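Q: So the protein lines, in turn, are chains A and B.
With this note's numbering, the residue at position 163 of the first sequence is 156, and numbering never jumps.
With this note's numbering, the residue at position 120 of the second sequence is 113, and numbering never jumps.
Treat the hints loosely; a few may be bogus.
If chains are identical, the list can't say which one is meant, so a pair holds when it fits in one copy or spans any two.
Said to hold, decoys possible - In silico BS3-like pairs for lysine-lysine, Cα to Cα no more than 30 Å straight-line:
1. Lys149 to Lys60
2. Lys63 to Lys149
3. Lys60 to Lys14
4. Lys14 to Lys149
To be clear, the hints were calculated from the coordinates, so they are not data collected in a lab.
The structure presented is a predicted model; accordingly, all values stated were derived computationally and were not measured.
Protein chains: 2
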Amino acid sequence: MSRYVSEPLVQRLPAYYRHMKELEAQGVTEITSRNLGERMQLNPCQIRQDINVIEGAGKQGFGYSVKELKEHLQKIMGLDQHRRIIVLGRGRTGQEIANHPAFADEGFPVVALFDLDPGHLAQSTAAVPVYPEAELETRVPDLGAKIAVLALPTEKAQEMLNRLYDLGIRAIWSFSRADLHPPRDMAVVNWHLYDTLQILSYRISQMEEESPRR
Amino acid sequence: MSRYVSEPLVQRLPAYYRHMKELEAQGVTEITSRNLGERMQLNPCQIRQDINVIEGAGKQGFGYSVKELKEHLQKIMGLDQHRRIIVLGRGRTGQEIANHPAFADEGFPVVALFDLDPGHLAQSTAAVPVYPEAELETRVPDLGAKIAVLALPTEKAQEMLNRLYDLGIRAIWSFSRADLHPPRDMAVVNWHLYDTLQILSYRISQMEEESPRR
Chain A
-6 MSRYVSEPLV QRLPAYYRHM KELEAQGVTE ITSRNLGERM QLNPCQIRQD INVIEGAGKQ
54 GFGYSVKELK EHLQKIMGLD QHRRIIVLGR GRTGQEIANH PAFADEGFPV VALFDLDPGH
114 LAQSTAAVPV YPEAELETRV PDLGAKIAVL ALPTEKAQEM LNRLYDLGIR AIWSFSRADL
174 HPPRDMAVVN WHLYDTLQIL SYRISQMEEE SPRR
Chain B
-6 MSRYVSEPLV QRLPAYYRHM KELEAQGVTE ITSRNLGERM QLNPCQIRQD INVIEGAGKQ
54 GFGYSVKELK EHLQKIMGLD QHRRIIVLGR GRTGQEIANH PAFADEGFPV VALFDLDPGH
114 LAQSTAAVPV YPEAELETRV PDLGAKIAVL ALPTEKAQEM LNRLYDLGIR AIWSFSRADL
174 HPPRDMAVVN WHLYDTLQIL SYRISQMEEE SPRR
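Please model the entire structure based on the sequences and the hints provided.
A: As C-alpha cells, this is what we get:
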C-alpha cells in the first residue's frame, strides 16, 4: 500500500474516523460526498479527493460505504494494532493520563507508569503498574509499548526521549515544556499548557489591534 | 505597532519567551544570535530574522538584551494583560484546568467554572466559584474573561461557542471532540486526546511501512 497523504489530510483523518463511527452508530450505511461535506463542513470536492486517497482508488458512484471507509481509516491509522502506551512522570498530568478510563476502549491501553521519584512508589493510586525510572531499560522491551507520554520536568525530557528511542519507542506525546529534538524517525506531538495560552493571548492582542474598542 | 508575524513564528513566540525567562533567571543579560540559536536549535539567521520582527526594527550589534526582548515578547503576546479564563464543564478536564495552581502565576487566572449539571453544584471542590450554565449571560460580562476553556460534551460545544462569542469571548481552548466553526474573529485551539493518539498511531504505521521489521 503506497499513497501520499498530505499533512492537512493527516490532521483530518481522526475527524473522518469519528464521523464514520457516529454514522455507523446512527445506522447509516452509505453517505454521499455532499452529505458528508455538510457534516464535516468541508467542500464535497475536498471530501472526494480525501476519500480517493483514503481508499487508495478513485471511485464512481452515488455514495460511500460507511463500514468500508471506517475500515480503511482504521487500517491507515493502525487502529487495529492496539498501540500500547507507557507514561513517564507521575505529576498531575502523568496520573491523569495513566488513569484515563477510556484510552483502552479506543485501542490505546496504558500498560505502565514510570516514576522518576522512587519515594512516591509506595503511595501509588495508579490503575496500572508503577515502576521506577531505573527499570525503563529492563521493562520496556517486554511491555510492547509503541507510544510514550512524557509528563516530566523540562530538564529530563530530552534525555528520556533518547533512552526511549534506543528502546524502540517511535512516538512521543509530550507535556513537558522542553524543545525536544527527536531523531528523524520518531514522531513527537507537544502539548504545552502555557504555550497554548500565550498563543491565544497573542491572537486576542492581534484582534484588539485590528478592531480597537471605542 | 504593525508588523507581520508569520504563523511559524507565532508558534515559536512562547519558546522565545520561555528562553528569555530562563536566561534572566540565570543572570544572563545579553545573548548573541549564535548562542540563542544553539539553545533553541535554530539557525542564527532565523533567530536574527525572528528578532527583527519581534523588536519591530533591524539592529546591528553584538548581542540582544534579554530584558528588552522579554518585554517585547510580553507586549506582543499581551502577557501584561492578565487574561482571565473561564472554564465550561466540570468533568475531569474541566476540574483539572480550573484547579491548576500555576495558571494565575503565568498571567492566566481562572476566575470561574460553569457547570452544565446543576446537580453537581453542591459538591464543588473547585478552587474557583462554580456557577450553573444558565448564569453564563449574567455572569460573564462582570468576570472580564477573555479566554474560555471548553471541556464539554461534543454536542454542546458549538452552541456554547456561539453564546460565548455573543458575550465577547474571543479565544477558545477546546477539549471537546467537536468540529468547531468559530466566527472569523475568534481564535480556537483544539486539544483532542484521541485525535492526537490516532495521529501518532498513523505516524507509527507510516514508519513501519517505510522500514519493515525483519
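Q: Compare the structure with each hint and give your call.
A: Results of checking the hints against the structure:
no. : hint            : in the structure
1   : Lys149 to Lys60 : between (44 Å within a copy, 27 Å between copies)
2   : Lys63 to Lys149 : between (39 Å within a copy, 25 Å between copies)
3   : Lys60 to Lys14  : within (9 Å within a copy, 52 Å between copies)
4   : Lys14 to Lys149 : between (39 Å within a copy, 19 Å between copies)
In this structure, every one of the numbered hints holds.
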